[in-house]
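Protein chains: 2
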Amino acid sequence: MRKGILYGVGVGPGDPELITFKAVRTIQSCPVVAAPMTSGGGTLALDIVRQAVDLADKRIVRLSFSMSRDAAERDRGYERAAAELCELLGSGSDVALLNLGDPSIYATFQRVAGLVRAAGFETHAVPGVPSFCAVAARLDADLTPSEREPLHIVPARAAGLSDALAMPGTKVVMKAGAHLGELKRDLAEAGVYERVSLVADCGMPGELVVRNLDEAPDKGSYFTTLVIRP
Amino acid sequence: MRKGILYGVGVGPGDPELITFKAVRTIQSCPVVAAPMTSGGGTLALDIVRQAVDLADKRIVRLSFSMSRDAAERDRGYERAAAELCELLGSGSDVALLNLGDPSIYATFQRVAGLVRAAGFETHAVPGVPSFCAVAARLDADLTPSEREPLHIVPARAAGLSDALAMPGTKVVMKAGAHLGELKRDLAEAGVYERVSLVADCGMPGELVVRNLDEAPDKGSYFTTLVIRP
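Here the protein sequences line up with chains A and B, keeping their order. For reference, each letter of the first sequence is one residue, going 1 to 230 in our numbering. For reference, each letter of the second sequence is one residue, going 1 to 230 in our numbering.
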């Protein structure tokens, strides 16, 4: 029997119009659509896709991942999800695993794709618009004002954030919501406080745009992105 | 009279299926479509868009930019283009300025948007899929294998490339074609030669995928992107 293929489909940052034609065609071609479930039981990627694609005939699989700070616990979550996906693929179904933003950048898809390939199945990524590109558009920001300076994409929980802040070029700090209070202190210490703008839940209901860090809360949405100008 | 609005439309990395619905709708809503002309007289962004949108009723404006190494000469090119765009906007036409990839990352749009805003016109960016996301998908690469390490987007002509190579996390080196011979030596010296893959002209005719740098030419296409694993 033909084995199914796992597609990691980037569905963009939140606005359903920022989905690509390839993402829609790929989802339409798969009988099974899988999506990560948030701790609150929501499935944001699925909610976005429903606005662009008719999912009435699809089998929907909600995957639950651990958000634990313990890496081993998170790994067990990925292994459980990969096992569930492999069972579907083994029965011959192609599966579209929805991924917010792009599937190569801090992506759920990448956390299971290696395990799925190791089990003998084919995987393909369909690129998407990363959230920080939508954030830059929302802020009218040029992420690369110099042709010769780099752009750094840094998770808020990065080891060595202060080293990253000292590098030349623009810095984008992702998933900053839970750490905003602490980050504000770090950014003030690094002398870049005045150069920061932020967008939370870009293109989604409740979007928040802050151009002066004094006006930012100490704890924000999970999808809070900072842009630090060079 | 109503002033026109300048839209910087990210049209993605080359595959016309990787255009978003918002990009298509924005282009359709504008009577004028502007696109940068390459030194050879081609208009790659326009060629990509033609495969996804009917441009028959549009006024097409080809903008010529200087590729000079002299920054002042390049600036004069941006000023000429901005003046041409402002004239169109002043006559009340909305203009869609096509931009390969995303309009916030090493983008033609950003080079003229500030000048156009300074002349009193409104600009909006429509995000797109950056080329490095398509390159990562083509290579089955995870650009962020650790949740706690950054991702660095570095132009091949960056001042201090060796500093960038020494940073933790994945490095993406863009527009590397003209400098490949030199880069190969730098990458060998930095001890990362074996960790490099590259894609040239991703998703376009003549696409080249190289997983062993020994097989890379010393001079490649302008759209050559390296991925350096951590």
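Hint data in this document are derived by calculation from the structure and do not stem from the laboratory. Think of the CB as a built atom: it goes at the ideal place given N, C-alpha and C, for glycine as much as any other residue. Among the hints, a few may not be true.
[Said to hold, decoys possible] Straight-line alpha carbon distances no greater than 16 Å define the calculated EDC-like cross-link-like pairs of lysine to aspartate or glutamate that follow:
id, chain 1, residue 1, chain 2, residue 2
1, A, LYS184, A, ASP218
2, A, LYS175, A, GLU207
3, A, LYS175, B, GLU147
4, B, LYS184, B, GLU194
5, B, LYS175, A, GLU149
6, A, LYS3, A, GLU122
7, B, LYS175, A, ASP218
8, A, LYS175, B, ASP47
9, B, LYS184, B, ASP140
10, A, LYS184, A, GLU215
11, B, LYS58, B, ASP75
[To be verified] Residues of chain B placed beyond 12 Å of chain A at every Cβ, according to the derived structure:
id, residue
12, ARG2
13, LEU46
14, ALA71
Here is how each hint holds up against the structure:
A C-alpha spacing of about 8 Å is found between LYS184 (chain A) and ASP218 (chain A), which places the hinted pair at or below 16 Å, so the restraint holds. With a C-alpha separation of about 14 Å, the suggested pairing of LYS175 (chain A) with GLU207 (chain A) holds against the 16 Å cut-off. For the suggested pair LYS175 (chain A) and GLU147 (chain B), the alpha carbons sit about 11 Å apart, so the restraint of at most 16 Å is met. Simply put, LYS184 (chain B) and GLU194 (chain B) have alpha-carbon atoms about 10 Å apart, close enough for the 16 Å limit, and the pair holds.
Between LYS175 (chain B) and GLU149 (chain A) the CA atoms are separated by roughly 13 Å; this keeps the pair inside 16 Å, and the hint holds. As the CA atoms of LYS3 (chain A) and GLU122 (chain A) are separated by approximately 8 Å, the hinted pair is consistent with the 16 Å bound. Distance hint between LYS175 (chain B) and ASP218 (chain A) is unfulfilled; the C-alpha atoms sit about 39 Å from each other, more than 16 Å. Under the criterion of a C-alpha separation no larger than 16 Å, the hint pairing LYS175 (chain A) with ASP47 (chain B) is inconsistent with the structure, at around 37 Å.
Taking the CA atoms of LYS184 (chain B) and ASP140 (chain B), the gap is near 22 Å; set against the 16 Å cutoff, the hint is violated. For the given pair, LYS184 (chain A) sits about 11 Å from GLU215 (chain A) by alpha-carbon distance, which is consistent with the 16 Å threshold. Under the criterion of a C-alpha separation no larger than 16 Å, the hint pairing LYS58 (chain B) with ASP75 (chain B) is inconsistent with the structure, at around 28 Å. With a minimum CB-CB distance of about 21 Å to chain A, ARG2 (chain B) clears the 12 Å threshold, and the non-interface call stands.
Every C-beta of chain A lies more than 12 Å from that of LEU46 (chain B), the closest at about 18 Å, which supports listing it as non-interface. The beta carbon of ALA71 (chain B) sits about 9 Å from the closest Cβ of chain A, which is not more than 12 Å, so the claim that it is off the interface is violated.
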